[in-house]
Amino acid sequence: MSTRPVKSRRPLGQSALGLIGALVVMIILFSLLSRHFFSARTFTTIANEIPDLLVMSVGMTFVLVIGGIDLSVGSMLAFTGSVISVAALQWGWPPLAAAAVGLVAAAAGGAVTGLICVAWRVPSFIVSLGMLEVARGLAYRLTDSRTAYVGASFDWLGNPWAFGITPAFVAAIAIAGFAQWILTRTVFGRHATAIGTNEKAVRLAGVDPRPCQVAIFAGSAALAGLAAVFQISRLEAADPNAGVGMELQAIAAAVIGGTSLMGGRGSIVSTVLGALVIAVLEAGLAQVGATEPTKRIITGAVIVGAVILDRYRARGIPG
Amino acid sequence: MSGSDAVLSVRGLGKSYAAPVLDGVDLELAGGEVLALVGENGAGKSTLAQIIAGLVVPATGSMCLAGDDYRPANRPAAERAGVQIVLQELNVIPTLTIAENLFLHRLPRRAGVIRRGELRTRAREAMARVGLDRLSPDTLVGELGLGLQQMVEIARNLVDPCRVLILDEPTAMLTAREVDLLFVQVRRLKAEGVAVVFVSHRLEELAVIADRIAVLRGGRLVAIGPMANYSFGELVRLMAGRDLAEGPQRAVRTAGPPGLRLRDLTRGRAVRGVSLEVGRGEIVGLAGLVGSGRTELLRLIFGADHAESGEVWVGDPLRKVEIRFPWDAVAAGIALVTEDRKSEGLLAGEGVAANIALGNLAGISRPTPLGRAVNRTREHAMAARHVGALGIRCASTGQPVGELSGGNQQKVLLARWLEHDAAVYLLDEPSRGVDPAARADIHALMTGLAERGKALLVVSSDLRELMALCDRIAVLSKGRLVQVFDRDSWSADAILGAAFCPEDREDGAA
Chain A
28 MSTRPVKSRR
38 PLGQSALGLI
48 GALVVMIILF
58 SLLSRHFFSA
68 RTFTTIANEI
78 PDLLVMSVGM
88 TFVLVIGGID
98 LSVGSMLAFT
108 GSVISVAALQ
118 WGWPPLAAAA
128 VGLVAAAAGG
138 AVTGLICVAW
148 RVPSFIVSLG
158 MLEVARGLAY
168 RLTDSRTAYV
178 GASFDWLGNP
188 WAFGITPAFV
198 AAIAIAGFAQ
208 WILTRTVFGR
218 HATAIGTNEK
228 AVRLAGVDPR
238 PCQVAIFAGS
248 AALAGLAAVF
258 QISRLEAADP
268 NAGVGMELQA
278 IAAAVIGGTS
288 LMGGRGSIVS
298 TVLGALVIAV
308 LEAGLAQVGA
318 TEPTKRIITG
328 AVIVGAVILD
338 RYRARGIPG
Chain B
3 MSGSDAVLSV
13 RGLGKSYAAP
23 VLDGVDLELA
33 GGEVLALVGE
43 NGAGKSTLAQ
53 IIAGLVVPAT
63 GSMCLAGDDY
73 RPANRPAAER
83 AGVQIVLQEL
93 NVIPTLTIAE
103 NLFLHRLPRR
113 AGVIRRGELR
123 TRAREAMARV
133 GLDRLSPDTL
143 VGELGLGLQQ
153 MVEIARNLVD
163 PCRVLILDEP
173 TAMLTAREVD
183 LLFVQVRRLK
193 AEGVAVVFVS
203 HRLEELAVIA
213 DRIAVLRGGR
223 LVAIGPMANY
233 SFGELVRLMA
243 GRDLAEGPQR
253 AVRTAGPPGL
263 RLRDLTRGRA
273 VRGVSLEVGR
283 GEIVGLAGLV
293 GSGRTELLRL
303 IFGADHAESG
313 EVWVGDPLRK
323 VEIRFPWDAV
333 AAGIALVTED
343 RKSEGLLAGE
353 GVAANIALGN
363 LAGISRPTPL
373 GRAVNRTREH
383 AMAARHVGAL
393 GIRCASTGQP
403 VGELSGGNQQ
413 KVLLARWLEH
423 DAAVYLLDEP
433 SRGVDPAARA
443 DIHALMTGLA
453 ERGKALLVVS
463 SDLRELMALC
473 DRIAVLSKGR
483 LVQVFDRDSW
493 SADAILGAAF
503 CPEDREDGAA
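Each protein sequence line maps, in turn, to chains A and B. Here the first sequence stands for residues 28 to 346, where the numbers follow the numbering used here. Here the second sequence stands for residues 3 to 512, where the numbers follow the numbering used here.
Isolated chain A (complex conformation) (with noise of 0.2 Å):
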């Protein structure tokens, strides 16, 4: 009987340290490149960017730890978008009943691709990337493929209280809260964890691991929508094209986070800062000039060595 433990278990706090660690080294060396960097401005810039990422990631990480991937979500942005430009401009609805309709829409999009895995057994991978195509073609379906100006109704969201804290800011960080509540002290957070480690075991202990899959992908397609009505509060507008390749942003930070892509293993906490990573990265190498192909070759390069440097802080050894 081998006495080490098949996963590593490591307080959420280690993982934390390490990447609050990384955005200092990362803000000081931007700030010693450029004398901007280090400003009021900046921060409101990534303060006001971050919450469509932010609700986005959380929603991903418990896709991550119950072991599957959703790769839908940058379209089931979109889609939600339209959803309430046409609730807002078609049907004349105020817009907290436009929002919402546009949210139970996403979550509903989110609950067809988590019963077709259950049902079926099919990989998400698989069911996320034709929802993918899915909610991108009604987006410009219901858009006829052009922006909609959805007008001012929004701003509020983003206009900000103080230093750039907008009630998105302040949404996004509380809704983050309450998701680490739930992924470790809730049963649903325990069943999530569970199925990821071992959905073999969780049957077995006679718990039906399907509602609980469920949930996660309706809640996960709910939050792009959040993300979507994030984005509209700031462009005042409703874009089929947005969140194109978002999806991947999510994961990234995600798994910058330390988040197992496995399963399992996830902490909000962690994707939190794995966002704000990413936020950072983009805003300070916007600050120093960098082009775009530039800032692609290097935010690749972060995602790959982050991961690479969390198994060095896992186990020790990579691999």
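I should point out that these hints are in silico values taken from the structure, not numbers from a laboratory. Quick reminder that beta carbons are idealized off the backbone N, C-alpha and C, glycines included. Careful, some of the hints might be misleading.
If you only want the chain A side, here are some residues facing chain B, beta carbon under 8 Å, derived [claimed, not checked]:
1. PHE205
2. GLN207
3. ARG212
4. THR213
5. VAL214
6. PHE215
7. ARG217
8. THR224
9. LYS227
10. ALA228
11. VAL229
12. ARG230
13. LEU231
14. GLY233
15. VAL234
16. ASP235
Using the hints provided, position chain B relative to the given structure of chain A.
Coordinates of chain B only, in the frame set by chain A:
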């Protein structure tokens, strides 16, 4: 057997894991003979075969191959020396052709491109050796029946010069016709001077093919001699040993009204029309050989697999329940302690408390607007209660169960189900990989459950364990329940005899 014509001789082979599995085995193998290797589950047959084939390195002893010292470090080394093994599970690749499978390890190529003509020619030669000459070497292996796939597997092992061929349960998946085909080829190899070791449970087949038979019991070689010298009865007695008869005696319990009733449970060839009743306060053992359908039967009752037909009755009063999934079984008051703790029971990286709590979270959580919140104080209190009651040795209730010993892991799994307070307990090999002290604890626990009126159905490959624990023992053979023994009427010989029951294969289509 004189030393001169021995192809392979082994001296004092030993190997132990938790307990010794092979203990000072001496054996000689002549060219052109078929040696049958038999024994109960866990007698050491597979270990011996794997040592000879280089899959396992022995702890003690030496081997000699054609007069030279032979100590293979791994399977390729053994193969280079001319010792091949065909394992129980097939290792062919169904999406490749027969020819590609045969020469996968060294495909004839020029600059990385396979030389198809040469591959085909060489494949035809190899196939002719095992009587596959009527097939095209370009046939996909996946299109063949299991028997022919097995022949391809054997042919692959004979591509290189072979002096010793070990077949581990080669007939387990074959129909009678395929077995005949296999035997023709074994005789052909024999005529070529290859020494064949045939590991099997099926005495009736061994009587046809084997020249000599070796019986292992508890890791020791207890008998070896010409096949014709032994009757089935004698062989069964040799495998079981005498000490079996004198199990620890205990008071006969009086079983209450039935707590579990099975009617005609069937799934494919694995479980065929099993009907059985287990009384409240009764422990019923399930005996049988590996592959006789014991684990499969428990999984059917629990809904881990779907039954094709048949009924499960539980409850008080007994009523028929529809069990499609494990959670249906749990709701009906059935618990299953799985055989494979690591992959089907525990969350290895999670703590003792989290593992006991899995499936029991409803009782230690309270509703909140965002879902049921787990009360961690109560969770650890629950775990601590079981840790104390069952004597689980762990640093804390938060210690990952993967770090615990097998016995303590098993107790954690049992604790999970004790917390459920089920009425029916299905236990699959509850003391496998468990040290003797923990084993005694687990047995006491099971007896305690019976005294509290639970119905227990226990699978074990250890007949001593079943005879010590159970009130009745049901014997499965090839998916059928062949006989049920009462405590006062059973004997190890009779139970083993039933398990080895040389019943006709109906799939033979003779």
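Provide an ascending list of the numbers of those earlier hints which the structure does not satisfy.
Number 2 only.
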